[in-house]
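**Student:** Listed here are the chains, written in short residue letters.
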Amino acid sequence: MLQLLAFEAPIHLLLREIILGFNDVVFFYVMFVDAVYLVFTLLALSEVRSYLRSRDKERLEQIFRSRLVPPISILCPAYNEGATIVESVRSLLRLKYSLHEVVVVNDGSKDATLQSLIDAFGMERLEFTFDNTVPCKPIRGLYAAPRYPKLIVVDKENGGKADALNAGINASRYPLFCTVDADALLEEDALLHVVKPMLDRTKFVPVTGGIIRAANGCRIVKGRVESVGLPRKPIEIFQIVEYMRAFLCGRTAQSALNVMLIVSGAFGLFHKATAKIVGGYSTDTVGEDKELVVKIVRYLKEQKREYEVLFVPQTVCWTEVPATWQTLGRQRNRWHRGMFEVLLKHKDLFFNRTYGRVAYFGMPYFLFIEALGPLVELTGYILLPLAAMLGLLAPVNALLYTLCAVVFGIVLSVSSVLLEEASFHRYPRWKELLTLNAYAIIENFGYRQLTLWWRLRGTLDWLRGQKQWGAQQRQGFGSGTPAKAA
Amino acid sequence: MSLDLVTLELILTCLGIALASLVLLIMTMRMYREWRAAVGMQVRQALVEALVHILDTQRTFGTDGRTVLIDGRPTFVVPKPSGAVGDAVRETIVDHLNFISGDLRGRLVAMLESSGYVVAAMRMLRSPLGETRLKACMMLGGMHSRIAVPALIEIFNDDPDPMVRINAGEALGVIGAEPAVVHLLKALRNPTRFQQVRVAEVLSRMGMTAVPALTAAIDDEDVRIVTLALDILADIGWMSDFDPAIRALSHASPEVRARAAEALGRAGALDAVEAVMAAATDPAWFVRVRVMKALQALGAPHDRSQRARFLGTLEQGLYDGVWWVRQHAAEALVRVGDDGRRLLARAMLEAPESPARRASVSALQQFMIASASRPGATAAAR
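Which chain is which? The protein sequence lines are A and B, in order. To convert a position in the first sequence, counted from 1, into the numbering used here, add 308. To convert a position in the second sequence, counted from 1, into the numbering used here, add 460.
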């Protein structure tokens with residue numbers, strides 16, 4: 309092959325041009341993507357600082373004691389969450405807000421999820437009828453707890469997370485609903501922060517979301533994060549850095565540009581009437597959280613209504629991130645499939661003038677940077693060494709190209725640690741700060757490539773039409789007993 | 461490739477410098493934060509020790525510039541109001557101000573005034589930066605100094621930034637200045653709900669001082685103001701002059717009628733029970749819902765004929781076309797006592813698909829569950 313390319317035959321010249329051309333495309337693509345992320349980081353820095361300056365926490369708590377703020381229903385879908393459900397519900401009941409209810413939807417769990425709730429809260433079965441606007445699988449029973457009037461448990465046939473959330477929407481009483489994963493813990497003032505933009509903006513705010521942080525390594529007592537710390541396993545620390553980058557930088561900037569199309573399924577606040585108009589959650593996708601936001605944005609654009617979908621970085625939701633490579637791989641695979649499903653389902657939004665900046669920036673960003681990124685990156689990993697091996701590119705140049713891409717990636721990861729330190733400062737010990745910086749550097753050597761592999765598998769699985777969620781494994785918050793969920 | 465070696469090296473060098481700067485910045489920020497916290501801690505400790513003497517009511521208190529005089533003798537010099545030390549002093553004193561009142565609060569406010577903290581914050585009100593002015597408003601509110609009231613009213617009326625205006629209003633409310641009530645009521649006309657909630661919360665905290673102005677606001681032309689005034693009055697728990705709220709039960713806006721019913725219920729306005737009962741036939745279903753809730757809150761009157769009309773109104777609600785009205789009527793009947801539960805039992809004898817029956821079953825079921833959780837109440841529930 310090396311010898312063949314040494315000849316000056318037209319076909320070989322063409323091959324050489326193709327390889328070098330692709331290399332150029334990949335390099336400039338990577339630089340462009342990193343530059344976009346850098347702009348995001350700078351935007352996020354300014355946004356987060358202004359958020360922090362404009363508010364002082366204690367006043368917010370006093371303000372939200374008022375009965376004038378709209379009540380919120382918290383929807384908590386649970387499928388085989390026996391290990392964590394009781395602590396999660398306790399933490400939800402303790403939230404600071406003038407009026408809220410917690411609606412747990414037991415989605416036909418095969419473990420003791422329902423029984424543990426009945427035992428822990430003394431729940432009683434009720435005869436009750438409720439609004440059934442959003443279609444969902446049949447309800448088997450409704451439970452209330454005399455000592456916990458804010459708590460309702462809906463027991464239904466298994467239909468998946470989206471179906472459980474739809475049942476929760478039907479059972480909820482209040483005009484706003486907040487979705488929270490059963491393995492997630494909200495900070496006590498989370499609702500105060502997440503609802504504020506809905507009341508504070510002159511434009512209509514149908515959806516807001518908060519930051520997701522990894523609870524692994526934190527000390528959790530009775531459903532409350534007592535002290536924040538780093539976990540021991542590298543896989544979990546990598547995800548902490550990743551979440552900082554994705555949420556603190558990415559979402560904050562997208563929110564500032566009003567092109568945010570993803571609100572994490574683990575924690576988001578929705579205007580119920582609007583969610584109902586668009587038909588609630590779709591049950592035919594694994595990216596139901598993204599899909600609902602896109603449907604709402606789409607509907608509001610079609611109605612020519614002024615709106616904002618906002619990310620509130622002060623609002624913290626702690627969740628248990630996967631602690632095994634296998635589980636993490638499945639999660640990333642699912643997220644990627646979900647993204648493709650949503651993009652395909654709403655393909656008519658692309659570059660359609662009706663949908664404004666969502667059509668020209670939001671959707672193309674998700675397609676060209678988030679969804680197709682792994683494919684381009686893979687091309688780079690193949691072509692750059694190939695070009696060096698074939699003598700088309702000097703090894704020094706190939707090395708410098710690689711280093712530029714890697715160092716830019718490190719700069720972005722370290723920037724997210726800087727943003728964290730400058731704003732919320734959640735990891736107070738020096739050791740943690742240094743560890744985070746170290747992981748921001750080393751995640752570019754191995755971890756990034758692994759996530760690339762999982763996302764590529766996700767693309768393939770999406771092409772094959774796979775719709776499975778994949779098994780998840782929960783450790784439980786300090787319970788020590790792992791529970792398996794299919 | 462289109463990039464030569466030199467360009468690549470240059471890019472890499474720039475990125476390397478950026479990375480090193482970032483790491484350095486992170487470390488510097490952490491060190492600065494820790495230094496500030498250490499300084500703050502030292503200042504707080506010294507100040508808390510001094511406060512033991514300053515807040516001792518057995519001793520006389522005075523100030524001479526930044527020097528605090530206890531029993532006429534200089535005991536403590538308050539640090540200058542600038543930098544990390546000044547911030548720590550102000551924060552510590554403001555923290556204490558939240559928990560004390562009367563003469564003791566006066567001592568701390570006087571200390572802040574004489575040592576220049578209030579003047580320094582008032583100077584910040586003239587800053588061209590909105591964020592600084594906003595911070596100054598919050599600081600002045602926290603310091604409870606009446607010296608700042610005219611400056612805050614000026615900012616409240618004229619500042620170009622709505623957030624600053626609203627914070628000035630809040631500060632006025634926190635200081636508890638009576639002239640602030642009129643200005644705060646004006647602020648209720650602000651466009652966003654959050655700002656309305658903030659002002660409403662401040663007015664609620666002002667309590668009885670705000671009641672006359674709020675009662676007058678029920679007759680305002682702006683429906684938003686009327687509804688907010690009713691809500692705030694209900695929060696405060698006003699005790700007299702229910703007439704404007706009773707008049708609001710026949711307001712053209714159903715939203716006002718609903719809020720009026722709710723406010724009367726929450727305030728426990730027993731004199732208004734007849735007017736609330738009359739509103740049970742309101743054409744708007746959500747007004748009827750609030751009426752049922754208000755009747756539940758007010759409770760059955762002792763007068764026999766009035767009690768009969770009260771039960772009749774609730775029974776009528778039990779057969780309403782809207783399930784929510786029925787549900788609240790049933791819940792109110794449960795709480796009336798045996799008379800009410802008898803009416804519910806009668807409704808339970810109706811056909812299984814009867815809406816009134818369903819509401820009765822649901823209300824009685826919830827009542828029994830709730831009663832079962834209260835020791836000694838089980839027999840009554842049965």
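Honestly, the hints are just simulated from the structure, not real lab data. Mixed in with the good hints, there may be bad ones.
[As the list claims (entries may be wrong)] Simulated crosslink set (BS3-like; lysine-lysine; CA at most 27 angstroms straight-line):
(1) A:K511 - A:K418
(2) A:K511 - B:K595
(3) A:K418 - A:K775
(4) A:K511 - B:K540
(5) A:K775 - A:K653
(6) B:K753 - A:K458
(7) A:K404 - A:K511
(8) A:K404 - B:K540
(9) A:K653 - A:K609
(10) A:K445 - A:K584
(11) A:K418 - A:K458
(12) B:K595 - A:K404
(13) A:K404 - A:K458
(14) A:K530 - A:K541
(15) B:K540 - B:K595
**Student:** Need the list of violated hint numbers for this structure, in ascending order.
**Tutor:** 1, 4 and 8
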